[in-house]
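Starting from the known structure of chain R, fit chain A onto it as the hints suggest.
There are 2 protein chains.
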Amino acid sequence: MPEPVVLVLDADPPPRLGRLTGRARVLRTDGAGLADRLPGADVLLVWDFTSDAVRRAWPGEGPRPRWVHAASAGVDRLLCPELAASGTVLTNARGIFERPIAEYVAGLVLALAKDLPTTLALQRERRWHHREGQQVAGSRAVVVGAGPIGREITRLLHGLGVQVALVGRTARRTIHGIEDLGPLAARADWVISAVPLTPATYGMFDARFFGLLQPSARFINVGRGASVVEADLVDALNRRWLAGAALDVFADEPLGEQSPLWEVPGLLVSPHLSGDTVGWRDRLSEQFVAMYELWAEGEPLPNVVDKERGYVPSADNSAEKSAETEDTSPE
Amino acid sequence: MPEPVVLVLDADPPPRLGRLTGRARVLRTDGAGLADRLPGADVLLVWDFTSDAVRRAWPGEGPRPRWVHAASAGVDRLLCPELAASGTVLTNARGIFERPIAEYVAGLVLALAKDLPTTLALQRERRWHHREGQQVAGSRAVVVGAGPIGREITRLLHGLGVQVALVGRTARRTIHGIEDLGPLAARADWVISAVPLTPATYGMFDARFFGLLQPSARFINVGRGASVVEADLVDALNRRWLAGAALDVFADEPLGEQSPLWEVPGLLVSPHLSGDTVGWRDRLSEQFVAMYELWAEGEPLPNVVDKERGYVPSADNSAEKSAETEDTSPE
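These protein sequences, in sequence, are chains R and A.
Here the first sequence stands for residues 1 to 331, numbered as in our numbering.
Here the second sequence stands for residues 332 to 662, numbered as in our numbering.
Bound conformation, chain R alone:
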């Protein structure tokens, strides 16, 4: 029996795939070559998570891989109707990014409460100017997106004494349903989005949403950029509907030098790095190798994406699904 073909979408080689030697033929392709290579692949590893080549190449002719693994939490860049309708199993990198992203959010909350950006600006001017910070303990946060990333953010902020409400698609146990988002956001000091990009979350943070916030509130997005109507956020910041915002994700990445977002007062821009800590590529690669071993043995894979929903359902709500005919709210 020939070794299965693992096709890796990336210009640069992932680390540590040497472990598959003797068990798989590992081939690499860039986005331009993907369509030609796809029919010969058993497994597709989407290592370049910034590429939308899969979405473009998938609808073409010929057989398709039986398993596609995304080395990312979100799968919005590669999901297309044809992949969703196919028998191909789609998995993601659940387990890798939760803690780093939660730490990043906690760091932003603390740094903004203590006004660290102003401290750094005053240092450049050699100015000693004492100011009062905000206490984080006792402040109120709403975390939108009740997947593993949102839950880890909730856990870490709770440990800092923040009163956190977690909002998911539907209410269950300690999670609020999306219908509670407005009233919760209206009382929040921090609104944090960790939603995947789905039809239901596309543009959900718009002028109407920002209009609900307290003028002292801050908005942080570590989910997906297109869930925010960026022009509305800029407008809301300029009108001081909220006190500040931090975006790690954007509708178009990388953000171009000409983007107006770089210079909006009160807006902190970071280059989609919240989940990426030293060694993250090794961890992603090890995760894929471990999953490949299961796949090669015919065992069930973890982290299987519900291709209709566009994310991996949490264990505690996979039971719900059968009772629902359609479901496109944020998770």
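Please keep in mind that the hints were generated in silico from the structure rather than gathered at the bench.
Any given hint could be a false lead.
With beta-carbon atoms standing in for the labels, derived distance ranges [stated by the list, open to error]: (1) P183/R - R458/A: 52 to 60 Å; (2) S590/A - P13/R: 44 to 52 Å; (3) S259/R - P546/A: 32 to 40 Å; (4) S259/R - A363/A: 50 to 58 Å; (5) D235/R - S590/A: 35 to 43 Å.
Chain A is faced by these chain R residues, among others (derived, beta-carbon under 7 Å) [claimed, not checked]: (6) R37; (7) E103; (8) L116; (9) P117; (10) E132.
Computed far set for chain A versus chain R, every beta-carbon distance over 12 Å [unchecked claim]: (11) P344; (12) P345; (13) G349; (14) L351; (15) S382; (16) G391; (17) R397; (18) L414; (19) T419; (20) R504; (21) N569; (22) E617.
Glycine included, C-beta positions come from ideal geometry on N, C-alpha and C.
Just chain A, lined up with the frame of chain R:
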């Protein structure tokens, strides 16, 4: 019986002392007038914690207040041999600054691990440059100073998954003795000082100490500036003996515009604000009023400073004292 005289050292009036109306005559003085006013005062409230007027005025002639309260955690600026030798009770503001300072430290640890200063600098240049952060969970910290501030820092960092060693004057239960500082610092990612300024802590962080650190380590000082030999820290940063430092306190405050410290690569300078969150002056004032009520009733005061040691001994080591003849190590 006439109302006791409460003399407040500050150019600006503290808030909420109106609550003492009918129970005390509240007088104010600036540093220049202190010596003349001191003999007529029953209680001295040192509201201006940046002043060293007490140290200058106390040795003069005449009666002295029976109680001096410092609206600060450290009492190094006002303690003098004559006050230490007197029967006057000295108290501090224990209870007000612990949580804000611990949050500030946690914010610095997270912000530095995630390289937030570089993110802000790149934003000013409109440059999208992805980088990898460090995971805070699992990193190692040493907190020097086992008083209530050091303990709260330890608690908060522990909650973020940091492996924290707390170093005090003498080993007891979960606290390491000062003799362990070197070996612990040599393995630490973070060294955080929350020591009071005493003869034993003056200049304790010097070239020899910085020479012990890992090149990846960062040093944070929220204690007192003069515990650090600032020239040695600058030299150590320039030689890359450590990766970075953040100072909130300095030997001379406010830091002058000409200070070389403003522009040391890898050094974050903040204007002694780590403990100061919105409402802190109110909380300090309420604490004093509550203590005044005890004092007026002849009840024992909390937060009594051991004037030989220079800080309020923790409950769990006040028993040690009788067994020791001298004790000037950091706490």
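Here is what the structure says about each hint:
1. P183/R - R458/A: 52 to 60 Å: violated, 40 Å
2. S590/A - P13/R: 44 to 52 Å: This hint holds: roughly 49 Å between Cβ atoms.
3. S259/R - P546/A: 32 to 40 Å: This hint holds: roughly 36 Å between Cβ atoms.
4. S259/R - A363/A: 50 to 58 Å: holds, 55 Å
5. D235/R - S590/A: 35 to 43 Å: holds, 41 Å
6. R37: Since the shortest Cβ distance to chain A is 27 Å, the answer is violated.
7. E103: holds, 5 Å
8. L116: holds, 6 Å
9. P117: holds, 6 Å
10. E132: Hint holds; E132/R Cβ to chain A Cβ min 5 Å, cut 7 Å.
11. P344: Label holds. Min Cβ-Cβ 18 Å, cutoff 12 Å.
12. P345: Holds, because the least Cβ-Cβ distance between P345/A and chain R comes to about 15 Å, which exceeds 12 Å.
13. G349: holds, 22 Å
14. L351: Holds, because the least Cβ-Cβ distance between L351/A and chain R comes to about 24 Å, which exceeds 12 Å.
15. S382: Non-interface label stands for S382/A: nearest chain R Cβ at 15 Å, farther than 12 Å.
16. G391: holds, 31 Å
17. R397: holds, 32 Å
18. L414: About 27 Å separates L414/A from the closest Cβ of chain R, which puts it past 12 Å; holds.
19. T419: Label holds. Min Cβ-Cβ 29 Å, cutoff 12 Å.
20. R504: holds, 23 Å
21. N569: holds, 17 Å
22. E617: Check passes; 15 Å lies beyond 12 Å.
Figure legend: structure checked against the earlier numbered hints; hints not met, in rising order: 1, 6.
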